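Residue strings, one per chain:
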Amino acid sequence: MEASTQSNVSSGVAVQSNKRKNSLLHRLRQNKVAYFSLWFLIVLHAVVFLGPFVWSMNPEELQDAGALASWSLQHPFGTDDLGRDVFARMLHGGRVTLLVGLAAMLFSLLIGTFVGACAGFFGKVVESVFMRITEAMMAIPNFFFVLVALTVLGTSPIMVIVVIALSSWMEIARVVYGETLRWKEYEFVEAANASGAKSIRILTKYIIPQIIPSIIVSGTLTIAAAILTESAISYLGLGIQPPTPTWGNMLQNSQQYIWTAPVLGILPGAAITIAVLAYNFLGDGLRDALDPRFVKK
Amino acid sequence: MLRFLLNRLGQSVVLLLIVTVITFFLINLAPGGPASTMRMEASPEERQAMIEKLGLDQPIYVRYIDWITNAVQGDLGISFTSSEPVIQRIIERLPYTIELTVFTIIISVIIGILLGVLSAIKRGKAQDHMINFMSVIGLSVPAFWLGLMLILLFSITLGWLPSSGVGSRGADFDLWGWVSHLILPVLILTTTVLPNIVRFTRSSMLEVISQNYIRTVRAKGAKESIVLYVHALRNALIPVVTIIGVLIPRLLSGAVITEAIFGWTGIGTLIIEAARGRDYPLVMGVTVMITIVVVVCNLFVDLVYSRIDPRVKNV
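Heads up: the protein sequence lines correspond to chains A and B, in order. Using numbering that gives the first Met the number 0, read the first sequence as starting at 0 and increasing by one per residue. Using numbering that gives the first Met the number 0, read the second sequence as starting at 0 and increasing by one per residue.
None of these hints come from the bench; they were simulated from the model. Bear in mind that the values here come from a model prediction, so they are computed numbers and not experimental data. Hints should not be assumed to be uniformly reliable.
Taking CB as the label site, the calculated pair distances span [to be verified]:
#	chain 1	residue 1	chain 2	residue 2	range
1	A	44	B	179	42 to 48 Å
2	B	159	A	255	36 to 42 Å
3	A	28	B	132	18 to 24 Å
4	B	172	A	181	54 to 60 Å
5	B	166	A	211	49 to 55 Å
6	B	210	A	42	25 to 31 Å
7	A	211	B	90	46 to 52 Å
8	B	166	A	82	36 to 42 Å
9	A	44	B	101	38 to 44 Å
10	B	172	A	45	55 to 61 Å
11	A	45	B	80	23 to 29 Å
12	A	31	B	80	52 to 58 Å
13	A	177	B	101	29 to 35 Å
14	B	240	A	181	22 to 28 Å
Where a beta carbon is used, it is the ideal one built from N, C-alpha and C, also for glycine.
In isolation and in its complexed conformation, chain A is listed as follows (with noise of 0.2 Å):
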């Protein structure tokens, strides 16, 4: 009987998961920062994406003021070192590596959620042969890995959305390992597999839905990873080529006109740092939002 009572208020949290996060937002909107961040990445988000309808030049164009002209109204950033708007390119870039940093974490989630969450339902060879495979990838520096994978696999946007997701997912796979074991334990799983479920549906209608919340957090602080990853591989010059640009590549020659147009190598940096950093903020918001440790009674 009491049981069975834990097993209706566990499963209780399950299906009020909706309540759950409307309470998660109020505890996130406590923490000054990160309620900030967020809404700061939401306007970010839509002057990047939206920017270019309005901003219609094109960043890729050659513009009559010139190379490297001042500020004016027609190019409020002035011009870069070969003559095209700098305005027009920040748009376009941060549309570039904000997109690539949500692509890579959205992949490496899907990758860190099947190894955590197969390694810790099923135990056993799987857990023993996708842990270790967890493991080596974390003993490789990160960089080491990103480097020798475009080597091989080339510069594409998709190639590198790709890369910087197979080499972050590992965080995400712990993560989910561990949620995943003590989530298995529950009497609602054990309820579901004994009447019968799948593995399959056990674990993705009631393991991987309480987990969430921590596949969110980690997102969040992925996003900031990679968009610092795609920028470095990119200043290193074996990114996204130009002229396509992004906040990274931008910088690649900005260093040589650093006296005479200091913007070129101030602006896009600047740009990836505020981006990070808004990331980087909520993300430990929703993390202490999430932890009953810090909540506020």
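We have chain A already, so just place chain B on it with the hints.
Same frame as chain A, but now just chain B:
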């Protein structure tokens, strides 16, 4: 102790084998594979001869077994771009990276522990918020951009520090030349790991402070400073040893960027050269070598940890 050591050693060897399998297959299964990037001007016959000479016509598992057999004997193949043995190129470069990372670890650990402890004992106060805020900034600033800005400030504007190079070595060694070349790279590399050490020390310290034995010490009327520095800190620092092991891969990743900014001729610039030149044996060799460094460091950290925390040995 011996059993623990052998166990960990066995795990490390397995880990290294998996790493070599992953890297080897990644490199060799790609469309075209290594053969596609050999000199473009080679005629089809030359190309075929080269493929046979390098054994690229063999099935992949045969090539892997060949490669690993040679690698165990210290032969990582010949670099495509320089025709020198890969191992020789790595050995030339490795000391520079070790120099950079060792200084960084020493400085980050000292500063990181100080700030982490300060942050924990001032929990919720202005100092804590400030340190936390700075940590997130440290984690968010792209190292290469910060590097550019520091070069702009210290090398170009103020002219105090050199903007690149490793300084003169050997016969005409001069101390200031050496130190001045190290300052900016070490500073940049420190920002990539310092925030993690600060955060980890903080949470470890908070964890210890909330334990019963600390409450007992307080209840006995000990002074707060004695509670914190004599009773809490010593135990809080034990787990900090492990974060150093975790941070070594991160540190080496950071070294790639740092070396690229400052023209530091270490293993980081070597992998970039290898990647740009699509020099497969070199890419493979450097990655395996750097992973060995990581695994050995982790093994060492585990041993130290098991010495200072007797609870670990029984696990």
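Could you check the structure against the hints above and give me the numbers of any it violates, in ascending order? Result: hints 2, 6, 11 break, sorted rising.
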